[in-house]
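**Student:** Chains A and B are the protein sequences, given in the same order. If you count the first sequence from 1, you need to add 15 to reach the numbering used here. If you count the second sequence from 1, you need to add 28 to reach the numbering used here.
Hints in this document: simulated from the structure, not taken from any laboratory. Don't take every hint at face value.
If you want a taste of the chain A side facing chain B, the calculated C-beta under 10 Å gives, among others [to be verified]:
1) Tyr34
2) Arg42
3) Trp54
4) Val58
5) Asp59
6) Ala62
7) Leu65
8) Asp68
9) Tyr71
10) Leu77
11) Cys133
12) Arg137
13) Gly196
14) Gly268
Some but not every residue of chain B turned toward chain A, in silico, with C-beta under 7 Å [stated by the list, open to error]:
15) Glu61
16) Thr151
17) Pro162
18) Val288
No more than 30 Å apart at the CA atoms, straight line, and that leaves these computed lysine-lysine pairs for DSSO-like [to be verified]:
19) B:Lys420 to B:Lys433
20) A:Lys127 to B:Lys74
21) B:Lys372 to B:Lys487
22) A:Lys127 to B:Lys429
23) B:Lys420 to B:Lys431
24) B:Lys431 to A:Lys127
We treat Cβ as the ideally placed atom computed from N, Cα and C, and that holds for glycine.
Here is how the chains run, residue by residue.
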Amino acid sequence: MRLNISHTTTYRYASPVRYGLQELRLRPRDETTQTVVGWEITVDGGAHELSFDDHYGNRVELVSLTPGATETTITARGEVDTLDTAGVATKHLGHTALWFYLRATERTVVGKGVRRFCDLVRDESDDVNRLHSLSSRIRDDVAYRPGESDVASSAEDAIDAGAGVCQDHAHIFIAAARNLGYSARYVSGYLLLANTVEQDASHAWAEAWIDGLGWVGFDVSNGISPDDRYVRVATGLDYRAAAPIRGVTYGAGEETLEVELQVQAGSGGQQ
Amino acid sequence: MGRFDGVDVRPGYFDEMHGDGTELRRPYRNYDEWFSQEDPRRLLKKSADAEALFRRTGITFNVYGSEEGDERLIPFDIVPRIIAAREWARIERGIEQRVRAINAFLHDIYHRQEILRAGRIPTGVIADNDAFLPEMIGFTPPGGVYTHIVGTDLVRTDDNDFYVLEDNARTPSGVSYMLENRETMLQMFPELFVKSRVRPVAEYPRDLRTSLAAAAPHGTVGRPVVAVLTPGIHNSAYFEHAFLADQMGAELVEGHDLSVVDGRVAMRTTEGPEPIDVLYRRVDDAYLDPLTFRPDSQLGVPGVMDVYRSGGITIANAPGTGIADDKAVYSYMPEIIDFYTGEKPLLQNVPTWRCSEPDSLGYVLEHLAELVVKEVHGSGGYGMLVGPAASKREIARFTRKLKAKPANYIAQPTLALSTVPILTRNGLAPRHVDLRPFALVAPNNIRITPGGLTRVAMKRGSLVVNSSQGGGTKDTWVMED
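Sequences and hints are given; from them, build the entire structure.
**Tutor:** This is the structure we're talking about:
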């Protein structure tokens, strides 16, 4: 399927920026499940400084904010052809070893809540069933409800609150999968929704490594494994590592953020 | 042997001047001849002069863990520590071998990890280690150099036995003492250097600059711009940062002096931003870049890691080198040397019990009174137990700590560190020493300055030489053949 994506993030600052940098992980790459037809990133109120590939294989672009700016707009847009591979994303690439994806981070620390999910699914018959069961248990117990959590929330925070967004679902899944012995990672990307083109945030899900299959995706929030409606953009140990935009600003005071995102099925591409 | 009546040595310990007390070792002959003709009162007076000199130069040392602002002088002893040419040749070869192996290990551990695949080091030692920096995975530093400067800590236990205590592959300090101690000795006792052919150490700053410049990023045009990044005036080694920058003809900068300009790290100058090619940083990894590492760091340069990873700057030493001098990894150094060089280690490793292993922990708990216990991630002699010198209460406290977090500790036998005499009011008296030579690693060569920092425990019988624990320093002489 061909997907058309336009993703605009606008930062507004209370006072003019003295100095600031933003790291962008906004560029999808060609992979087993997707081919990038065209993609561009533009920045208003900032300048491209450099780019490199990080240890997860993400393309990173560093942008400096224009001193004196009170607003920065970052737009990523383009077209991606996707394939349905029944959730199986990729082989393992690069030098970052699978054992690395067993590392806990601040947001994926294992506590009582995560351990309970592990206990619920430990006895499942095989890897695929165990992880699907984990995904649906999380979805049952932690409602999808925006506004209950923020970018700093951990898996345990969301379990305690009994609610969260896709990011929290992914963190809980990752923390539990690692605790069960699976290498697991966070994926940020886009998802084509059935009823709407306009979305107010990009999407996130999880991947776990299953021997014999490879990296398999689990979208806890939607209760499915990713198919051709999904575009993978960046991966990492958790949200912080794969965040679409992460930066530091000096002298800007209060900062507000607005996201405009459109994902729609385009013409062309393989069916 | 009447001449040796009254020679003070510690029974059971090797004295580098007097052996077991019945000889005068060859490297010290000239010095001894000079010393025996000197008036002890004049020497004591000189010793006091040396202290005044250091105070004027500004070498002070801020002791971690003591009252704020407690700056004091590291004691300097005027009796040099003398190493024969043939002894040095061995040390030099041994350090070079080790440094080569460490750089090969670092490249491997951040790329294919062959040493883990081969099962020579358990994966857990790396996987669970905070010193392993994922940001370095798949990245090769300019010129392939990870450890531009290494300060290997050596101890000697006998005529022929040298042990490596620590590899100090992160940001070794102390080289300014090597240089200032020599400078002071040259000023106070010029005649000694006429009599004895001592190899110079004064080229170190120039060699450091050459070596750093040789590792500049690919595509650097003209003479590479080198800057020393210091945490600032409150850092205990600030003097050294300023001193080295001055001696190298490099800029001394702090994080807030630097910003990312046109994809490079640039420092503010009166003529506008000037890009830096090589950053000799004396700021720890965790504080180096708030964008990549600790977001609360005020000492670092936001974006420096991104510039680094896009090939726009050299960071010396490379981030993540700590995985090579971690105390848990240290215990595998003989394996590491064998794996990457195919050679037997020329310098010995201290036998090390890893308390993470239940059998070792059992042994260590039973023999605490004989062992030295160190924190895996500690440095500077903090959080360390020296069994033979510890009280019952300290041993009990460490027993609890070990049981609570065994993987945090390693233990080693208490080594019989050699002694070298220091000058006291009652004449020469033996004190325990170690040695930190400095190796400079460039893409095509490794240069080891003939000399180093000799640290000396000023308290009689003490085996702890760390300056933070009251240790002093000596000038270190390596003799020409």
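**Student:** Give a verdict on every hint.
**Tutor:** Results for each hint:
1. A cut of 10 Å between beta carbons decides the hint on Tyr34 of chain A: the least distance to chain B is about 6 Å, and the hint holds.
2. The restraint placing Arg42 of chain A at the interface with chain B is violated, with a minimum CB-CB distance near 14 Å, outside the 10 Å limit.
3. Interface restraint check for Trp54 of chain A: the shortest CB-CB distance to chain B comes to about 19 Å, outside 10 Å, so the restraint is violated.
4. Evaluation of the Val58 of chain A hint against chain B yields a violated restraint, the C-beta minimum of about 14 Å exceeding 10 Å.
5. At about 19 Å, the closest approach between the beta carbon of Asp59 of chain A and any beta carbon in chain B exceeds 10 Å, and the interface hint on this residue is violated.
6. With a cut of 10 Å, the hint placing Ala62 of chain A at the interface with chain B holds, because the nearest CB-to-CB distance is about 9 Å.
7. For Leu65 of chain A, the interface hint holds, since its Cβ comes within 10 Å of a Cβ in chain B; the closest pair sits about 4 Å apart.
8. Below 10 Å, beta-carbon pairs count as interface contacts, and Asp68 of chain A has one with chain B at about 8 Å; its hint therefore holds.
9. For Tyr71 of chain A, the interface hint holds, since its Cβ comes within 10 Å of a Cβ in chain B; the closest pair sits about 9 Å apart.
10. Hint on Leu77 of chain A holds. Least Cβ distance to chain B is approximately 5 Å, under the 10 Å limit.
11. Checking Cys133 of chain A against chain B: minimum C-beta separation of about 20 Å lies over 10 Å; hint violated.
12. For Arg137 of chain A, the shortest C-beta to C-beta distance to chain B is roughly 23 Å, which exceeds 10 Å, and the interface hint is violated.
13. Below 10 Å, beta-carbon pairs count as interface contacts, and Gly196 of chain A has none with chain B, the closest being about 13 Å; its hint is therefore violated.
14. Given hint, Gly268 of chain A at the interface with chain B, is violated; its Cβ is 18 Å from that chain's nearest Cβ, farther than 10 Å.
15. Taking 7 Å as the C-beta cut-off, the interface hint given for Glu61 of chain B is violated, the closest approach to chain A being about 60 Å.
16. Of the supplied interface hints, the one on Thr151 of chain B holds, with its beta-carbon coming within about 6 Å of a beta-carbon of chain A, less than 7 Å.
17. Given hint, Pro162 of chain B at the interface with chain A, holds; its Cβ is 5 Å from that chain's nearest Cβ, closer than 7 Å.
18. Because the beta carbon of Val288 of chain B sits about 5 Å from the nearest beta carbon in chain A, less than 7 Å, this interface hint is met.
19. For the proposed pair Lys420 of chain B and Lys433 of chain B, the alpha carbon gap of about 20 Å is at most 30 Å, so the pair holds.
20. At most 30 Å may separate the alpha-carbon atoms for a hinted pair to count; Lys127 of chain A and Lys74 of chain B exceed this at roughly 67 Å.
21. With a CA separation close to 36 Å, the supplied pair Lys372 of chain B and Lys487 of chain B exceeds the 30 Å bound.
22. Note on Lys127 of chain A and Lys429 of chain B: the hinted pairing holds, with a Cα-Cα distance of about 26 Å set against a maximum of 30 Å.
23. Under the criterion of a C-alpha separation no larger than 30 Å, the hint pairing Lys420 of chain B with Lys431 of chain B is consistent with the structure, at around 17 Å.
24. This hinted pair checks out: Lys431 of chain B and Lys127 of chain A have alpha carbons roughly 24 Å apart, not beyond 30 Å.
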